[in-house]
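What follows is the residue order along each chain.
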Amino acid sequence: MASDEVKVIGAWASPFVMRPRIALNLKSVSYEFLQETFGSKSELLLKSNPVHKKIPVLIHADKPVCESNIIVEYVDETWSTSGPSMLPSNPYDRAIARFWAAYIDEKWFPSLKSILQAEGEEEKKAVLAQVEEGTALLEKAFIDCSKGKPFFNGEHVGYLDIAFGCFLGWLRVTELAAGHKVLDEAKTPSLSKWAEQFCNDPAVKPVMPDTATLAEFAKKIFAKPAA
Amino acid sequence: MANKEKDVKLLGFWASPFSRRVEMALKLKGVSYEYLEQDIVDKSALLLELNPVFKKVPVLVHNGKILAESHLILEYIDQTWKSNPILPQDPYEKAMARFWAKFVDEQVGPVCFKSVVKAEKGIEIAIEEAQELITFLEKELTGKDFFGGKTIGFLDLVAGSMIPFCLARSWEGMEIDMIPEEKFPELNRWIRNLNDIEVVSECIPHREKQIEHMMKVVERIKLA
Chain A
1 MASDEVKVIG
11 AWASPFVMRP
21 RIALNLKSVS
31 YEFLQETFGS
41 KSELLLKSNP
51 VHKKIPVLIH
61 ADKPVCESNI
71 IVEYVDETWS
81 TSGPSMLPSN
91 PYDRAIARFW
101 AAYIDEKWFP
111 SLKSILQAEG
121 EEEKKAVLAQ
131 VEEGTALLEK
141 AFIDCSKGKP
151 FFNGEHVGYL
161 DIAFGCFLGW
171 LRVTELAAGH
181 KVLDEAKTPS
191 LSKWAEQFCN
201 DPAVKPVMPD
211 TATLAEFAKK
221 IFAKPAA
Chain B
1 MANKEKDVKL
11 LGFWASPFSR
21 RVEMALKLKG
31 VSYEYLEQDI
41 VDKSALLLEL
51 NPVFKKVPVL
61 VHNGKILAES
71 HLILEYIDQT
81 WKSNPILPQD
91 PYEKAMARFW
101 AKFVDEQVGP
111 VCFKSVVKAE
121 KGIEIAIEEA
131 QELITFLEKE
141 LTGKDFFGGK
151 TIGFLDLVAG
161 SMIPFCLARS
171 WEGMEIDMIP
181 EEKFPELNRW
191 IRNLNDIEVV
201 SECIPHREKQ
211 IEHMMKVVER
221 IKLA
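Heads up: the protein sequence lines correspond to chains A and B, in order. For the first sequence, position 71 matches number 71 in the UniProt record's numbering, and the numbering has no gaps at all. For the second sequence, position 10 matches number 10 in the UniProt record's numbering, and the numbering has no gaps at all.
For the record, the hints were derived by calculation from the structure and aren't laboratory data. Worth double-checking, as some hints may not be accurate.
Heads up, simulated BS3-like pairs for lysine-lysine below, C-alpha to C-alpha not over 25 Å straight-line [as the list claims (entries may be wrong)]:
{"id": "1", "chain 1": "B", "residue 1": "139", "chain 2": "A", "residue 2": "113"}
{"id": "2", "chain 1": "B", "residue 1": "29", "chain 2": "B", "residue 2": "94"}
{"id": "3", "chain 1": "A", "residue 1": "47", "chain 2": "B", "residue 2": "55"}
{"id": "4", "chain 1": "A", "residue 1": "41", "chain 2": "B", "residue 2": "114"}
{"id": "5", "chain 1": "B", "residue 1": "121", "chain 2": "A", "residue 2": "53"}
{"id": "6", "chain 1": "B", "residue 1": "139", "chain 2": "A", "residue 2": "53"}
{"id": "7", "chain 1": "A", "residue 1": "47", "chain 2": "B", "residue 2": "139"}
{"id": "8", "chain 1": "A", "residue 1": "7", "chain 2": "B", "residue 2": "102"}
{"id": "9", "chain 1": "B", "residue 1": "102", "chain 2": "A", "residue 2": "54"}
{"id": "10", "chain 1": "A", "residue 1": "107", "chain 2": "B", "residue 2": "55"}
{"id": "11", "chain 1": "B", "residue 1": "144", "chain 2": "A", "residue 2": "113"}
{"id": "12", "chain 1": "B", "residue 1": "209", "chain 2": "A", "residue 2": "107"}
{"id": "13", "chain 1": "A", "residue 1": "147", "chain 2": "B", "residue 2": "121"}
{"id": "14", "chain 1": "B", "residue 1": "114", "chain 2": "A", "residue 2": "47"}
{"id": "15", "chain 1": "A", "residue 1": "140", "chain 2": "B", "residue 2": "56"}
{"id": "16", "chain 1": "B", "residue 1": "102", "chain 2": "A", "residue 2": "107"}
{"id": "17", "chain 1": "A", "residue 1": "107", "chain 2": "B", "residue 2": "65"}
{"id": "18", "chain 1": "B", "residue 1": "114", "chain 2": "A", "residue 2": "149"}
{"id": "19", "chain 1": "A", "residue 1": "63", "chain 2": "B", "residue 2": "29"}
{"id": "20", "chain 1": "A", "residue 1": "53", "chain 2": "B", "residue 2": "114"}
Anything over 10 Å on all C-beta distances counts as not near chain B; from chain A, calculated [to be verified]:
{"id": "21", "residue": "29"}
{"id": "22", "residue": "34"}
{"id": "23", "residue": "53"}
{"id": "24", "residue": "60"}
{"id": "25", "residue": "67"}
{"id": "26", "residue": "78"}
{"id": "27", "residue": "95"}
{"id": "28", "residue": "102"}
{"id": "29", "residue": "107"}
{"id": "30", "residue": "147"}
{"id": "31", "residue": "175"}
{"id": "32", "residue": "179"}
{"id": "33", "residue": "206"}
Every residue, glycine too, gets a C-beta built ideally from N, C-alpha and C.
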C-alpha cells in the first residue's frame, strides 16, 4: 500500500516551487522538501516529470503531480476539509481567479523577467512600461476580487494570492536592479498593502526567500552565458 | 428547464480549435447559445471590449458575465451545467486531465505545427520532435476509448479540437504523415471514436476549408 507521504521536488529560489509549498502550509500538510541542485536534474525529477523535466513536482502517495498552479488546485481539492478553500465556490469567481493566474504566467511574469535581461536603457524602459501596465491591471483585479478583504481570495490567502505573491521576491530584486519601483503605495496602493500581508502570512513566511539572498543568486545565474 | 438562447453568447472563429471545443462542451450539455463569428485579423470592437487583456476568441458571455481562455470556459461550463460531466471527480484524475490539456495547447500545438512549418533543424528532426510529444498522448490512451474513459471528457475536447481537426489538417496540407497507424494505433482509434460522437462531428470545421485555412497560416509563418 502506497504511503500517504507528500514530497515536493523543488528549489528555494523558484517562485513556482513556492506555490505548492504555500498551499501545503495553508492546509497544514507536512511534506518532505527535496531540493534540486542548481544546474542539474535528479533521477527522481526526471522520472516524476518526464514530459517537462521541471520543478515543482508534488509526489503524493507515490503519484506525481506537475505544473505549479495545477498542483495548488490538487492540494486544495485533496485536503478540502483542512483549512479554508483556496478558490471561490462560485464558478464565475473561480474562472476569474484562474484567468488572472493565467495572465500572470503568460504575460506579466515573462515581461518582469525580461527587465533583468534587457540590453540598454531604451529596451529596459519599454519593458518596465509593459510591466507597470500589467501591474495596474492587477491592482484593479485585486480590488474586484478581494471585495474589501485583505486577499484576492477574501479573508484568507488563496490560489490567486499564491499565483501572484510567489513573484514578490523576484519583483523586489528586479526593482533594485532597475532602480525603479513597480509596486508602491503611490502607484498600486491596494497591492502594496496586500503584498505586505501576504509576505507576513504564516503559510508564506517560511518559504519566501529574503531579497538580499535572492539578489545574490540572481547575479550568479544571470552572469552565466546563455544556454 | 430550457436555457434562453440570449443568455449565452459565444464569440468564436470557425477555424479555431479553442473556440470549437467550447461549442462541443455547450452542445454536450444541451446549452443553447448565440454564436457570434469573429474576424480574428480585423478584430471587432465587441471582441476588444470583452477581452481587452488577450484580445482573443473564444469569449463566453453568460447572463452578462464575461469569460475568456478556453480551459477556464470549459471548467465554468462544467460547473454551471451539471449534465454529462466533463472533468473527473477525483482530484488526481482532474489534475492529470488539466496537465495533459495544458501540454496539448502549450507544447503539442506549437511543436507539431509552427516548428514543423519552420523546420529550423530540417524537416526530419522537426517531425521526430513532434512525434516524441505525441507519443506521450498515445501512452495516455492505452486501453481507453477516450482520454475520459468510456465517454469524452475535458482532455478529449481539448485534444480533439486541436489534433485531428486542426493540426492533422495542416499535416495533410503539407503532405506529412505525422501519425501513421502503425506508430500511433491508439491515437488513430481515438480519432475514429471521436468521429462517431455527434457532439464532436457537428462541431468540427469543414475539412477542405480547414486545410485551405491552415495552408494560409503556413504561408504567413514562412513569410514572418
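Here is what the structure says about each hint:
1. 139/B to 113/A: violated, 35 Å
2. 29/B to 94/B: holds, 19 Å
3. 47/A to 55/B: violated, 38 Å
4. 41/A to 114/B: Distance ~29 Å between residue 41/A and residue 114/B Cα, so the pair is violated.
5. 121/B to 53/A: holds, 22 Å
6. 139/B to 53/A: holds, 18 Å
7. 47/A to 139/B: holds, 15 Å
8. 7/A to 102/B: holds, 23 Å
9. 102/B to 54/A: holds, 15 Å
10. 107/A to 55/B: Since the Cα atoms of residue 107/A and residue 55/B sit roughly 13 Å apart, the hinted pair holds (cutoff 25 Å).
11. 144/B to 113/A: violated, 41 Å
12. 209/B to 107/A: violated, 32 Å
13. 147/A to 121/B: The given pair, whose Cα atoms are some 52 Å apart, is violated under the 25 Å limit.
14. 114/B to 47/A: Roughly 29 Å separates the two Cα atoms, so the pair is violated.
15. 140/A to 56/B: holds, 21 Å
16. 102/B to 107/A: holds, 16 Å
17. 107/A to 65/B: Since the Cα atoms of residue 107/A and residue 65/B sit roughly 23 Å apart, the hinted pair holds (cutoff 25 Å).
18. 114/B to 149/A: violated, 44 Å
19. 63/A to 29/B: violated, 32 Å
20. 53/A to 114/B: holds, 22 Å
21. 29: At about 13 Å from chain B, residue 29/A clears the 10 Å cut-off, so the statement holds.
22. 34: holds, 19 Å
23. 53: For residue 53/A, whose nearest Cβ neighbour in chain B is about 12 Å away, the distance exceeds 10 Å, so it holds.
24. 60: violated, 8 Å
25. 67: violated, 6 Å
26. 78: The claim is violated: residue 78/A sits with its nearest Cβ about 5 Å from chain B, within 10 Å.
27. 95: With a cut-off of 10 Å, residue 95/A comes too close to chain B, as the shortest Cβ separation is near 5 Å.
28. 102: At roughly 6 Å from the nearest Cβ of chain B, residue 102/A sits no farther out than 10 Å, so the non-interface label is violated.
29. 107: violated, 8 Å
30. 147: holds, 16 Å
31. 175: holds, 24 Å
32. 179: holds, 29 Å
33. 206: Holds: least Cβ distance 25 Å, greater than 10 Å.
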